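Protein chains in written order, with my numbering: chain V, 734 to 886; chain S, 562 to 948.
Among the hints, a few may not be true.
[Claimed, not checked] Straight-line Cα separation of at most 25 Å, PhoX-like style, residue types lysine-lysine; simulated pairs:
hint, chain 1, residue 1, chain 2, residue 2
1, V, LYS862, S, LYS724
2, V, LYS824, S, LYS724
3, V, LYS862, S, LYS757
4, S, LYS603, S, LYS789
5, S, LYS564, S, LYS577
6, S, LYS870, S, LYS757
7, S, LYS882, S, LYS724
8, V, LYS843, V, LYS783
9, S, LYS757, V, LYS824
10, S, LYS870, S, LYS823
11, S, LYS865, S, LYS724
12, V, LYS870, V, LYS824
13, S, LYS724, V, LYS857
14, S, LYS919, S, LYS748
15, V, LYS741, V, LYS763
16, S, LYS757, V, LYS857
17, S, LYS748, S, LYS724
18, S, LYS882, S, LYS919
19, S, LYS577, V, LYS824
Just so you know, the hints here were simulated from the structure itself, not pulled from any lab data.
As the structure is a computational prediction, the values presented were derived from the model and not from experiment.
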Amino acid sequence: MGNVEFDKACRPETVKLPFMLDFYPLEDSKNTMIGQFFTSLKQGRLTTTKCKKCGKLLWPPRIVCSNCLSNELEWVDLGTEGELYAFTEMKLGAPLGFVQDAPFSIGIVKIGGLLISARIDNAKYDQLKMGENLQLKIVELEDGRVFYRFRKP
Amino acid sequence: MRKVAIVGGGATRCGKREASWRDLAQEAGKAMFENVPNLSQKDVDSLIVGAAQPERFAFQAHVAPLVAEYLGIMPRKVLARTELMCASGQAAIRYAYACVASGLSDVAAAFGVEKMFMPDMAEAQTNMTCVLDREWDGVNALSAPPFFAMTAQRHMFEYGTTKEQMALVSVKNHRYSALNPLAQFPKEVTVDDVLKSVMIAPPLQLLDCSGITDGAAGVIMVPADDAKKYTDTPMYVVGSGQANIGNTVGNLANMTEWIPLKMAAQEAFQTAHIAADDVDLAEVHDCFTISEIMEYEAFGWCEKGKGGKFIEEGQPFIGGKVAVNPRGGLLGCGHPLGATAILQTLDILQQFRGEVPKGRYVEGAEVALAHNLSGPANVHSIMVYSR
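Produce the entire structure from the sequences given, and follow the hints as far as they go.
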């Protein structure tokens with residue numbers, strides 16, 4: 734083929750998990766204005782924001798009240814015990830970053846007057862019951878970030 | 562507001578296609594234009610492209626001008642891509658409808674494309690996990706199957722809905738998709754097949770879930786006064802509705818009663834000057850079997866909590882109270898996110914034109930609706946059509 738040159742092009746053999754495919758939020762004050770949530774979590778406290786002006790309890794935690802637009806919010810504790818509202822188990826179809834954990838249980842938990850989704854760490858689907866009590870649990874990632882889960886007491 | 566008509570459209574076959582995002586767009590574009598022979602590409606002044614996640618699935622943003630170039634369209638009124646996840650195509654139709662109704666556009670194409678099969682399917686599953694609030698729900702691996710599994714669990718708990726009733730939805734929709742040449746799963750299934758299929762997220766099994774799908778489709782919308790220039794058999798937009806409440810899973814209005822769907826349905830029926838019972842044919846969003854059961858209830862075709870009984874009695878089959886998903890649904894045809902609503906709409910047009918096979922033809926249908934939910938069923942979008 735005349736003067737056509739054939740050459741190789743290179744791509745890196747492995748790529749570090751890019752941060753936008755990392756499900757966990759960036760927690761430090763350089764990256765978020767609700768860093769206090771994670772600071773409290775490191776102390777074993779699950780908290781959220783409450784509007785000082787209209788009194789609305791806001792989940793997820795935020796910096797502006799969606800009800801009255803006030804930015805005077807305070808941190809309140811939700812407690813450490815919840816009640817299981819609904820649950821399932823991720824058997825097939827787990828995303829990258831969680832595949833190694835599958836199968837694992839996921840639930841919606843009633844806590845502190847809210848419903849929040851969370852992983853349930855120490856029980857399979859067959860071992861869970863609607864309405865049963867669950868205990869807060871904190872997991873730490875290898876880079877020091879933390880997140881909440883629940884467990885059967 | 563001007564009355565708006567759909568004068569034609571076309572689509573690709575859906576499924577695991579040996580084709581790229583661009584191939585799918587071209588295939589559907591060619592089919593769409595060939596269906597409206599009196600229209601040239603240059604007549605299209607507006608193009609709205611429904612695409613949920615081209616950045617993730619095909620590493621491509623700015624897809625509306627990409628489609629315009631490939632299809633030889635030169636938009637000069639309105640050009641945009643709509644993203645409303647599973648309802649991205651319905652958003653494209655709603656947007657195109659608004660453009661034509663307002664007088665801004667005289668010929669608008671509502672188009673939809675999704676390429677979902679990837680070499681590593683875990684990557685596709687990953688994409689689907691940033692649909693719910695990624696930092697508070699996605700982080701718990703809450704993609705669609707676990708979310709709708711918990712919805713099903715609550716519905717079974719509160720209303721006594723059974724897995725057999727849910728399975729019947731899959732049986733019905735596969736019965737019709739078996740007669741649809743565009744369907745991803747053109748094969749009938751039995752209740753037993755559904756109950757024996759692999760467990761995805763209990764109580765949902767594989768045949769309770771719609772698929773990962775490649776596909777594309779487009780329809781042409783014009784002012785009703787111009788419709789007969791293009792076809793003897795247009796279909797008219799007669800009503801619509803859309804509503805949203807909350808986003809994070811814990812902030813939904815109600816997990817087992819889709820309040821935003823009731824609101825959107827009420828708006829759709831009011832604008833169309835009809836009642837729920839006037840609907841002859843409904844293409845509704847059966848992303849999971851439980852979804853369709855809850856939709857019977859929210860549309861008011863049966864009492865709250867009696868959706869399971871409604872299908873047990875055969876009411877949503879052709880010949881029953883209302884023909885639900887005679888196209889074959891998302892369960893039978895697949896769910897190429899951005900293209901899904903366009904495929905539903907196109908099938909309604911073909912129903913009105915009498916172009917569908919006998920076993921899934923709804924004879925004498927005058928009023929039809931297309932519905933999509935998106936996210937954790939916090940958003941519902943509906944269009945109502947008539948002959």
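Against the structure, the hints come out as follows:
1. V:LYS862 / S:LYS724: Status holds; Cα separation ~18 Å.
2. V:LYS824 / S:LYS724: Cα-Cα ~18 Å, so holds.
3. V:LYS862 / S:LYS757: Satisfied, since the Cα-Cα distance of roughly 24 Å is no more than 25 Å.
4. S:LYS603 / S:LYS789: OK: LYS603 (chain S) and LYS789 (chain S) at ~19 Å, within 25 Å.
5. S:LYS564 / S:LYS577: The given pair, whose Cα atoms are some 38 Å apart, is violated under the 25 Å limit.
6. S:LYS870 / S:LYS757: holds, 22 Å
7. S:LYS882 / S:LYS724: It holds: about 22 Å lies between the C-alpha atoms, which stays within 25 Å.
8. V:LYS843 / V:LYS783: holds, 17 Å
9. S:LYS757 / V:LYS824: Within the cut-off at roughly 15 Å; holds.
10. S:LYS870 / S:LYS823: holds, 20 Å
11. S:LYS865 / S:LYS724: holds, 18 Å
12. V:LYS870 / V:LYS824: Measuring from Cα to Cα gives roughly 22 Å; hence the hint holds.
13. S:LYS724 / V:LYS857: Satisfied, since the Cα-Cα distance of roughly 20 Å is no more than 25 Å.
14. S:LYS919 / S:LYS748: holds, 16 Å
15. V:LYS741 / V:LYS763: violated, 41 Å
16. S:LYS757 / V:LYS857: holds, 20 Å
17. S:LYS748 / S:LYS724: holds, 21 Å
18. S:LYS882 / S:LYS919: holds, 19 Å
19. S:LYS577 / V:LYS824: It holds: about 23 Å lies between the C-alpha atoms, which stays within 25 Å.
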